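The residues making up each chain are set out below.
Protein chains: 2
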Amino acid sequence: MTGFFQTASGQRCALSAVMGLRERKKLDAWRTIRSTALRLISERGFDAVSVEDIAAAAGVSRTTFFTYFPNKEAVVHDLDPAELQQWRELLEDPRDGMPLWDALTEVLLGLARLLEQRLPLQKRLFAQSPELCQSSRGPCASYQPDLEEWLSRRTTDGDDLRTALTFSTAMAACTTAIAAWDPDDSYEHFREILRDCLRWAGAGLARPVS
Amino acid sequence: MTGFFQTASGQRCALSAVMGLRERKKLDAWRTIRSTALRLISERGFDAVSVEDIAAAAGVSRTTFFTYFPNKEAVVHDLDPAELQQWRELLEDPRDGMPLWDALTEVLLGLARLLEQRLPLQKRLFAQSPELCQSSRGPCASYQPDLEEWLSRRTTDGDDLRTALTFSTAMAACTTAIAAWDPDDSYEHFREILRDCLRWAGAGLARPVS
DNA sequence: TTCAAACTTGTACTCAGTTCAGGTTTTGCC
DNA sequence: GGCAAAACCTGAACTGAGTACAAGTTTGAA
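Chains as they are written, first to last, in the numbering used here: chain C, 45 to 254; chain P, 45 to 254.
Don't read these hints as lab results, they were simulated from the structure.
Please note: incorrect hints may appear among the correct ones.
The list treats identical chains as one, so a pair stands whether inside a single copy or across any two.
Subject to a maximum C-alpha distance of 20 Å in a straight line, what follows is the list of computed EDC-like cross-link-like pairs (lysine to aspartate or glutamate) [claimed, not checked]: (1) Lys167 x Asp97; (2) Lys116 x Glu175; (3) Lys167 x Asp137; (4) Lys167 x Asp204; (5) Lys70 x Glu127; (6) Lys167 x Glu136.
Given the structure is predicted, the values throughout are model-derived calculations rather than measurements.
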């Protein structure tokens with residue numbers, strides 16, 4: 045999530061198009077490190093795996109690990125560059141005509157669609173290594189900076205406090221839905237939970253002024 | 045916040061009553077370490093002060109620091125034992141007859157009253173050392189475990205998902221109010237912001253079923 | 001072929017957090 | 001007052017995260 049692939053070649057990298065050898069290697073390395081890390085962590089638990097273990101198992105140096113991931117937790121949270129591109133596309137449109145709550149709902153449901161492959165594994169990791177739950181702010185918080193940037197691109201339609209509250213309430217709904225979902229259930233079920241949470245939480249916030 | 049004074053003498057310690065020399069010294073040490081730490085951190089910033097610096101300046105060993113505070117951040121977040129006692133008293137009553145949202149509102153407004161002395165300084169620290177904002181989950185999150193325990197003591201009146209959502213929405217309102225408040229304004233103003241946030245966020249959640 | 005930019009790596013460092021064995025202080029009790 | 005046990009403090013030694021940097025290697029383009 046934190047500026048490596050984003051800033052790498054100026055623009056976001058053309059994933060499906062022809063990439064230089066350099067970029068292809070980088071992507072490979074990223075994926076190798078990540079999948080190695082996830083395998084080790086799901087086997088032994090987050091704290092029982094050191095960055096050194098991960099680097100060694102991925103055939104890379106410890107230093108290199110930290111050029112790909114800003115910290116150990118990021119290897120669990122960060123998006124694959126391909127997903128990242130979809131996520132950026134989802135955020136391109138500030139949905140300016142739409143009331144904030146509706147726009148947020150749309151973006152978060154879109155995000156849920158993107159996470160279909162990752163979220164089940166991630167929840168299992170969290171369940172296995174409670175140390176992750178403590179130290180990190182949950183899967184959802186990784187997207188908060190991007191969302192804040194998105195929010196700032198919308199033309200502000202009034203009360204800042206209300207805007208901030210609406211935003212954080214939507215994030216809370218998201219976090220709650222993730223927490224409530226059992227990863228053994230269908231992903232569709234998760235999306236229903238999320239829809240419910242957003243609907244309930246938004247009931248009082250959906251319309252501009254009270 | 046994390047089990048030192050709580051578990052020390054079995055019960056919570058009788059602060060105003062006669063305490064043994066041992067407990068008085070412990071409390072003194074706690075306060076010395078804390079105030080020393082806050083002074084240094086507000087002078088130099090969170091990351092520029094090491095635990096060793098704090099311990100040395102407080103006339104105590106590094107090891108001792110970690111018996112009083114579970115980690116470096118806790119020195120900013122943890123409650124003074126006197127405040128902690130008031131906070132526990134506030135949570136004694138599960139407010140069982142009351143709808144969840146109203147009970148939460150009451151507890152959180154009570155918490156706001158307790159924090160009058162601490163919050164302004166704390167916000168200033170956060171403003172000065174952005175590294176704190178990143179790594180920690182905000183002042184509000186310190187109280188979450190206690191609140192969850194309080195929540196679990198209430199007789200559950202229905203839908204777990206809705207309960208969880210209500211809870212996290214109230215926390216979000218609290219966090220938002222803290223973020224929105226300017227510590228140079230009056231504390232009363234903060235409490236108004238918090239009331240507004242709770243009212244707005246709760247508009248859709250206040251009544252049991254939708 | 002050549003050169004600059006991008007990437008990797010080992011080394012060496014700082015600091016958070018843990019463990020533990022000994023020394024010191026407090027307390028309850030005689 | 002004196003004593004033993006419990007509680008407390010401390011220094012030393014350790015693990016592991018994260019950073020800085022200089023030297024080496026690979027890639028892309030001319």
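Which numbered hints fail: Violated hints: 1, 3 and 6; rest satisfied.
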